[in-house]
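Read off the chains here:
2 protein chains.
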Amino acid sequence: MSSVAGRLLALRAELQRLGLQGFIVPRADEYLGEYVPPSAERLAWLTGFTGSAGLAVVLPDRAAVFTDGRYVLQLAAQTDPTLWEGHHITDEPPPGWLAAHAPAGAAIGYDPRLIGEEALARYAEAGLAMRPVDDNPIDAIWTDRPAAPCTPAVPHRLEHAGRSAADKRAEIASLLQAGKQDAAAITDPASVAWLLNIRGGDLPYAPFPLGYALIEADGRTELFMDPAKLGAETRAWLGNQVAVAEPAALAPALARFAGKRVRVDPAGSPAWFAQTLRRSGAVVVAGPDPCLLPKACKNPVEQQGARDAHLRDAAAVCRFLHWLAFAGPAGSETEMSAAAHLRALRAEMPGFRGESFPAISGTGEHGAIIHYRVTPESNRPIRPNEAYLIDSGAQYLDGTTDITRTIWTGRSRPPQALREQATRVLKGHIAIATLVFPQGTSGVQLDGFARRALWQAGLDYDHGTSHGVGSYLSVHEGPVTLSRHARPVPLAAGMILSNEPGYYLPGQYGIRLENLLLVQPAELPEAAKPFLRFDTLTLAPFDRRLIDPRLLDPTEIAWLDAYHARVAEQVGPALPTDACDWLEAVTAPLPLSAGEGRRVQRGG
Amino acid sequence: MSSVAGRLLALRAELQRLGLQGFIVPRADEYLGEYVPPSAERLAWLTGFTGSAGLAVVLPDRAAVFTDGRYVLQLAAQTDPTLWEGHHITDEPPPGWLAAHAPAGAAIGYDPRLIGEEALARYAEAGLAMRPVDDNPIDAIWTDRPAAPCTPAVPHRLEHAGRSAADKRAEIASLLQAGKQDAAAITDPASVAWLLNIRGGDLPYAPFPLGYALIEADGRTELFMDPAKLGAETRAWLGNQVAVAEPAALAPALARFAGKRVRVDPAGSPAWFAQTLRRSGAVVVAGPDPCLLPKACKNPVEQQGARDAHLRDAAAVCRFLHWLAFAGPAGSETEMSAAAHLRALRAEMPGFRGESFPAISGTGEHGAIIHYRVTPESNRPIRPNEAYLIDSGAQYLDGTTDITRTIWTGRSRPPQALREQATRVLKGHIAIATLVFPQGTSGVQLDGFARRALWQAGLDYDHGTSHGVGSYLSVHEGPVTLSRHARPVPLAAGMILSNEPGYYLPGQYGIRLENLLLVQPAELPEAAKPFLRFDTLTLAPFDRRLIDPRLLDPTEIAWLDAYHARVAEQVGPALPTDACDWLEAVTAPLPLSAGEGRRVQRGG
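From first to last, the protein sequence lines stand for chains A and B.
Position 75 of the first sequence, counted from 1, bears residue number 1037 in this note's numbering, the numbering being contiguous throughout.
Position 512 of the second sequence, counted from 1, bears residue number 1474 in this note's numbering, the numbering being contiguous throughout.
Read the hints as simulated data drawn from the structure, not as lab findings.
These figures come from a predicted structure and were not determined experimentally.
Incorrect hints may have been included.
Pairs involving identical chains hold if they fit within one copy or between any two copies, as the list cannot separate such chains.
Below, a list of computed lysine to aspartate or glutamate pairs in the EDC-like style, where the Cα atoms sit at most 20 Å apart [as the list claims (entries may be wrong)]:
1. LYS1142 - GLU1178
2. LYS1222 - ASP1270
3. LYS1491 - GLU1382
4. LYS1491 - ASP1424
5. LYS1222 - GLU976
6. LYS1491 - ASP1030
7. LYS1142 - GLU1382
8. LYS1491 - GLU1080
9. LYS1491 - ASP1422
10. LYS1142 - GLU1327
11. LYS1142 - GLU1195
12. LYS1222 - ASP1180
13. LYS1142 - ASP1180
14. LYS1222 - GLU1184
15. LYS1491 - GLU1054
16. LYS1142 - GLU992
17. LYS1491 - GLU1208
18. LYS1142 - ASP1540
19. LYS1222 - ASP1144
20. LYS1142 - ASP1270
21. LYS1142 - ASP1023
22. LYS1222 - GLU1178
23. LYS1142 - ASP1053
24. LYS1142 - GLU1087
25. LYS1222 - GLU1485
Just need the whole structure built from these sequences, with the hints factored in.
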């Protein structure tokens, strides 16, 4: 059964056998994470769509794939429109689509391991009769399914973790005690890795092993993970307060909590956990994964690690930008060769463990594809005089990086429209970087500051402004984002967040300017309550040829000049002489002359 | 049983009789609205606390009242601390408090008519065993409970409503058809009044009659309301497509929907509706009250009505401010007499139907009490040289108004700290008034713009920035607010919203500057999608003595001068000569001289 048409037919036959009139196929695996191993790529296998966010719905007579703004073009390119309708997942949510198209009272199946209770509730609220399946019907027809990954889990040492696992378990235990909870299910492998100070390699880019944990209010912890991943050294590192069990032991372990109060994350945990616990007679307490906040708020060792990692990463990035300053006008490189060169420069840095995500290396019209991933087929030369967007990052033992720059590749003057748009993106970037805000503020309240300068010109971008970043963990880490859909989770000191407004002109070019930020206490002696501010971690120049200083106000110019001075001072010494000289030149204060200088800005 | 201690004892005895270990007492009545008739003031009767938002929780050995930042001081003043703990409802939500303090597995009672399903879910998520009661145990012990209000419902004529009720019912019916819903429960009396073009007077300030409606997908509508409110003229106005029934007929009417899909608002409707429908075999579809959005987006007749009502209201307010310019320095008036004078000036205006809420007339330290309500006991003279805050509004047949001004009452120069704070509040007000934003933007994304100038100085305010306003309906109207807790409902053209940042220094003074805004399409020819902007409806000067122009940037000064010029031009002709001359003077462009003029601003 190889064609996608045949797969859809086979699934419909399987659903009929199960007495189901419909079925939902999320992109997620049983960890509900961003990356999915080949063994769990059910959505891609069924539909052909390989984007990192999406969901398919299958009914007897029609089927649809839903994804977000990043992947609308990719969805259209990868799926057969005679089989699959394509929809924007927020403009037309799947529950409403199902309620409108499924026969009244139809039984709609779902795999409770692949969806959270909160997402599931949206289907019930739409009046749909949702039916969990014990075994995923796709697995029954996916005959050549790859094996699950099995990569060694390794210790994450104190010099980088900053806190012992025993100390972390004690903190989580006291959180559970305070909430009168007897235990919590830790279903996010990044949380498990944080909690137990381990790392791994089951997935690309995300350096943790796949597994679940249960932690009790006295701190006792059980790790459910393929024992083949856990060698003697790692078992010794985990210590005898952490029991290790086969994944198959999980359901019996949950049954032990009959009559107890167990915390489960209704957003981040598969619904299977709450359903299994309730069936076992446990009281399910809905609450966020207790590791989320402590993991997001980096401790002082992790904060210093982030600064160190960013300084090393900056040396690689600045060497790359210097190289690009010659390669661009020469037209001698491609999207793939440039990304490979950047990766090679990073690989020279101490502690480098790999990229933190597949670099987005898109020139000209490819830059407008927000999550463009260059392939041998799409690869094209970087030509002189176009906008080249490179969004990339690295995993180092002491921290995770993520940076985007948009570079004008030629010696001609960029078109004024492009300069104006890029300057508005920069204004949004600076508005975020300079914010001061009270503790308790959440990301959805701040997102608009990154957009106002664009909005004033009728422009916008269809993605969030910011995501959390882990400490040698996921480059996309919860619980805080800056976006219109952000959950109301307050920002807190120690969090690392991206700052990445953009603008995209389909078919022509894309602009995105991204630094990472570290949330810090703001020192405001007059304040009646605590305030927070951002420290910018990322150190690399913005392309001044894309900045129109006439659109910047004096405080924005001052911020940019100070930032560039800091880049030159901190990164320059780590560069070869020619790159250092180049960096000195491109980080000079904004020009005063030629009719675009400060005089215009300052109204003199 | 008259003392609050006795009432609490009696309630505990009643709970024991019912086999309940706890009980929650929301402030709401069975319409979940802002105002509650005396017959439903259960929270006030039980605890003594009369704020407009709150909830009490009673356990065998302890009891607590929760309220929001507006009422923290009032809660402490009105409740007996030996009986009632006081808590901030967002900082320490009742479900968490209950989970921490109730015995494990305790049965916690609630009246399903007084709480929505969404609020109820928070208790279940905390692992609490919630038990609905058929009859409210407070009603059993409240022996001298007043009768429910019964005021005539009257027609709201087309010249003000702008659309026939038949047209509105057809729109709602088509919304239900599109959602594959057979019917919807309309449980918000303001929605019922909008849908059927009726108004009433069961509650103070809110000009609608209390009642529910059911509307089916073919447009047939049943109104559940005490028939004594419906005279012959109103019955004729409702027409024969609207059946009228006793409130007691509601449960049997819901039972008719067995097997049908009925839309119920999980936030705005009492949980009793969904529970009763499910018991009857209906499929409950969770969805917002279908009238909310059409009601919030005022039609052209309502928009013109709002402009007309605001112009008349402005004449009354400007006469009041002129009067205050002399009464303030003379020290001849009190908080009560000033509010009464403003009411009297408004009552002279055509179409005046009453105040839209109890005026907040607070001078000096009373201004810092965000929802201060002057009483004969608290009333005090308005003394020269203090900050006087007056937040007031009116109901006119063609529109609802709501305005706050903060006035310096003397001839001395205000303290610089006060001027700086007031100017930062004004900067926030202007930031909102001048926003341009894409369709799809929700209030929580915009709230921060009103706060940034305050945040930069370590200041903030503990209330939302904006609420929706009805058209001769509730002055607080959903579904859109600008606040950190706002639901993600997009703003849309035709909505009327307040713009009211503030700053409060407890024990000293309060500052709030409020205008109403009308959401309008923005004309941005270059934009790739629709954008929106605000028109300011309210017309009254801001006290320039409280503005430090050195803190304003040139675009802010230009906005203020243009706004003041518009106030003088549009309101001046409606004023007596002396008030008109005064208005001309206080709306002049900001001063250029004396070291605080534009020269400093413009950097020349």
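Structure-based check of each hint:
1. LYS1142 - GLU1178: This pair counts as within: shortest intra-copy Cα distance 11 Å, inter-copy 46 Å.
2. LYS1222 - ASP1270: neither (44 Å within a copy, 62 Å between copies)
3. LYS1491 - GLU1382: between (38 Å within a copy, 19 Å between copies)
4. LYS1491 - ASP1424: For LYS1491 and ASP1424, the Cα distance is within 20 Å only across copies (12 Å; inside one copy 34 Å).
5. LYS1222 - GLU976: Classified as neither: same-chain Cα gap 38 Å, cross-chain 29 Å, threshold 20 Å.
6. LYS1491 - ASP1030: Between copies only: 17 Å across chains, 38 Å inside a chain, cut-off 20 Å.
7. LYS1142 - GLU1382: Classified as neither; 55 Å inside a copy, 47 Å across copies.
8. LYS1491 - GLU1080: For LYS1491 and GLU1080, neither the intra-copy (33 Å) nor the inter-copy (31 Å) Cα distance is at most 20 Å.
9. LYS1491 - ASP1422: Result: close only across copies, 9 Å inter versus 33 Å intra.
10. LYS1142 - GLU1327: neither (55 Å within a copy, 42 Å between copies)
11. LYS1142 - GLU1195: Result: close neither inside a copy nor across copies, 35 Å intra and 59 Å inter.
12. LYS1222 - ASP1180: Result: close within a single copy only, 14 Å intra versus 49 Å inter.
13. LYS1142 - ASP1180: within (12 Å within a copy, 50 Å between copies)
14. LYS1222 - GLU1184: Result: close within a single copy only, 17 Å intra versus 47 Å inter.
15. LYS1491 - GLU1054: Result: close only across copies, 17 Å inter versus 41 Å intra.
16. LYS1142 - GLU992: This pair counts as neither: shortest intra-copy Cα distance 28 Å, inter-copy 32 Å.
17. LYS1491 - GLU1208: neither (48 Å within a copy, 53 Å between copies)
18. LYS1142 - ASP1540: For LYS1142 and ASP1540, the Cα distance exceeds 20 Å both inside one copy (62 Å) and across copies (68 Å).
19. LYS1222 - ASP1144: within (6 Å within a copy, 41 Å between copies)
20. LYS1142 - ASP1270: neither (40 Å within a copy, 57 Å between copies)
21. LYS1142 - ASP1023: Between copies only: 18 Å across, 49 Å inside.
22. LYS1222 - GLU1178: Within one copy, since 11 Å is at most 20 Å while 45 Å is not.
23. LYS1142 - ASP1053: between (39 Å within a copy, 18 Å between copies)
24. LYS1142 - GLU1087: between (29 Å within a copy, 13 Å between copies)
25. LYS1222 - GLU1485: Classified as neither: same-chain Cα gap 44 Å, cross-chain 59 Å, threshold 20 Å.
In this structure, the hints that do not hold are numbers 2, 5, 7, 8, 10, 11, 16, 17, 18, 20 and 25, in rising order.
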